[in-house]
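Engineer: Chains A and B, in that order, give the protein sequences. -12 is the number of the first residue of the first sequence in this note's numbering; add one for each residue after it. 665 is the number of the first residue of the second sequence in this note's numbering; add one for each residue after it.
Incorrect hints may appear among the rest.
To be verified - Footprint (simulated), chain B over chain A, 3 or more residues, beta carbon under 8 Å:
| # | region |
| --- | --- |
| 1 | 95 to 102 |
| 2 | 126 to 133 |
| 3 | 140 to 153 |
| 4 | 165 to 176 |
As the list claims (entries may be wrong) - Take a look, some chain A residues computed to stay more than 10 Å from chain B by CB distance:
| # | residue |
| --- | --- |
| 5 | Arg13 |
| 6 | Leu59 |
| 7 | Ala137 |
What the hints assert, rightly or not - So these bits of chain A aren't anywhere near chain B, every CB distance computed over 12 Å:
| # | residue |
| --- | --- |
| 8 | Gly5 |
| 9 | Gln12 |
| 10 | His17 |
| 11 | Leu18 |
| 12 | Arg63 |
| 13 | Asp106 |
| 14 | Arg111 |
| 15 | Asp118 |
| 16 | Ala119 |
| 17 | Ser179 |
| 18 | Arg181 |
| 19 | Gly185 |
No lab work stands behind these hints, which were simulated from the structure alone. Ideal Cβ placement from N, Cα and C applies to all residues, glycine included.
Here's the letter readout for the chains.
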Amino acid sequence: MYEGAVQDLIDELGRLPGIGPKSAQRIAFHLLQTDPTEARRLADAITRVKATMRFCVQCHNVSQAEHCRICLDPRRDDTLLCVVEEPRDVVAIERTREFRGRYHVLGGAISPIDGIGPDQLHIRELVLRLDAEPVAEVILATNPNVEGEATASYLSRLLATLEVRATRLASGLPVGGDLDYADEVTLGRAFSGRRDVGI
Amino acid sequence: MPSYRDQGVVLRTYRLGETDRIVHLLTRGRGKVRAVAKGVRRPGSRFGGRLEAYSLVDLQLHEGRNLDVVTQAELLTAHAEVRADYARSAAAAVMVELADQVVQEGEAEPEVLELLLAGLGALAAGPDDPSVFVDAYLLRLAGLVGFPATAAVCAACQAPGPHVFLSVRAGGALCPDCAPAGTRAVDPEVVASLAQLAAIGEWASLPRLAREHPVARRTAAAYARAFVEHHLDRRLRSYEHVPRP
Ligand SMILES: [Zn+2]
Ligand SMILES: [Zn+2]
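Sequences are here, hints too, so could you generate the full structure?
Structural biologist: Here it is as structure tokens:
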């Protein structure tokens, strides 16, 4: 235990995701030794993000206003809706410049073992959007891991009952890699997701 | 650092840092093992999809001070069908959650591992209603770790049954002499369903049991959960996410 404010800072940092007690200590002492203006910049950034940012009421992405920029953009395609787990997935897909539709952020993935079921995610809001918006295709872009698969399976059943077309992002071989390095699960998925080329 | 090789089922994983995961395994040789899989979240990682929950893998590990480190992983059975379906995945989540809680590090529990593999195999075969396998698994695992849900003999005095006074606290069915006053007798069909669910052995007949005796099966399911939570003193977080007919 350290004295006063240092220990408080270590405790607060230690509560952040992915930061263990050792890292918390290292960051705290770094901040203690750093230039005051630099430390102030960090403190201001944290205060500002809490004061000015919120979640878009339509897609649940991070936003500066009630609606985010993507939801307000008239050039986006209303018939395509891409469902992702987290705001960072929106950023990753936007970087591809392949997708011109709209998004819906679930706020996580179904994980029964963590007590997270469909009701803890923005799934009810998704159903409401499908009723109100002219969506022709829902693209399920959840992670290709056990939680993301469970979520995609749950949503695909739900969308079938609503008679909405659902597609799932293809999974397969990493571009630039060698085929014989791929593991069986990835290679198997690449096979089942193969598609026609040529005629 | 000494290194070792073992087979095990991936119970669950936690994100660690930018690209790693902590993996909980139920192994043949060492019971529960907690290990780090470095870089596993990067696309193109050498582990790829092998270390996803419910997979049976053959592993090479380095012993660490706190967590072991996975250095090689080979897939033996992926159980990919289980992950691909919400209901089956939720059922498997209950199975691994309980195994994760009852098996200790360094204590091999080969029967628990076999039970888990049988349960995952039953789920992979594609039942319409995976929840009956959850109930069977719970009762069978409770029996393996010392809390058999007996129905054939009185749980208190061992008098031969079948008996119809079910008691979670007593650990099974009680004879009329041992049952506390006011204990409600259940339908003999419920006791029979319970016995069939709890008996270590085949799984294939269970879906038929569930279809043909829906009421008995529902009572047995409620009992199974209460029984496990009482005797193992665990609340099962994933249980209520399993879809039930
Ligand atoms: Zn939005
Ligand atoms: Zn008795």
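Engineer: Work down the list of hints and note, for each, if the structure agrees.
Structural biologist: Results for each hint:
Evaluation of the coverage hint for the region 95 to 102 of chain A: fulfilled, as 6 residues show C-beta separations to chain B shorter than 8 Å, against a requirement of three. Evaluation of the coverage hint for the region 126 to 133 of chain A: fulfilled, as 3 residues show C-beta separations to chain B shorter than 8 Å, against a requirement of three. Here the region 140 to 153 of chain A counts 3 residues with a CB under 8 Å from a CB of chain B, which clears the bar of 3, and the coverage holds. With a cut-off of 8 Å between beta carbons, the region 165 to 176 of chain A has 8 residues touching chain B; three or more are needed, and the interface restraint holds.
Here Arg13 (chain A) stays apart from chain B, with its beta-carbon at least about 14 Å from theirs, past the 10 Å limit. Taking the minimum C-beta to C-beta distance to chain B, about 32 Å, the non-interface status of Leu59 (chain A) holds against the 10 Å cut. Its beta-carbon lying about 4 Å from the closest one in chain B, Ala137 (chain A) breaks the requirement of being farther than 10 Å from that chain. Against chain B, the non-interface label of Gly5 (chain A) is violated: not every CB pair exceeds 12 Å, the least being about 6 Å.
Annotated as non-interface, Gln12 (chain A) keeps its C-beta farther than 12 Å from every C-beta of chain B; the closest such distance is 16 Å. His17 (chain A), annotated as away from the interface, keeps every beta carbon of chain B farther than 12 Å; the closest lies near 18 Å. Remark: the non-interface label on Leu18 (chain A) is consistent with the geometry, its nearest Cβ contact in chain B lying 20 Å away (cut-off 12 Å). Look at Arg63 (chain A): its CB is around 27 Å from the nearest CB on chain B, clear of 12 Å, so calling it non-interface holds up.
A cut-off of 12 Å between C-beta atoms contradicts the statement that Asp106 (chain A) is not in contact with chain B; the least separation is 10 Å. Listed as a non-interface residue, Arg111 (chain A) keeps its Cβ farther than 12 Å from every Cβ of chain B; the least gap is roughly 16 Å. The claim that Asp118 (chain A) is not at the interface with chain B holds, since no C-beta of that chain comes within 12 Å of its own (minimum 22 Å). No beta-carbon of chain B is positioned within 12 Å of the beta-carbon of Ala119 (chain A); the least distance is around 25 Å.
Not every CB of chain B lies more than 12 Å from the CB of Ser179 (chain A), the least distance being 10 Å, so the non-interface label is violated. Remark: the non-interface label on Arg181 (chain A) is consistent with the geometry, its nearest Cβ contact in chain B lying 16 Å away (cut-off 12 Å). Distance to chain B confirms Gly185 (chain A) as a non-interface residue, since its nearest Cβ pair spans about 27 Å, more than 12 Å.
Hints 7, 8, 13, 17 from the list above are not met by this structure, while the remaining hints are.
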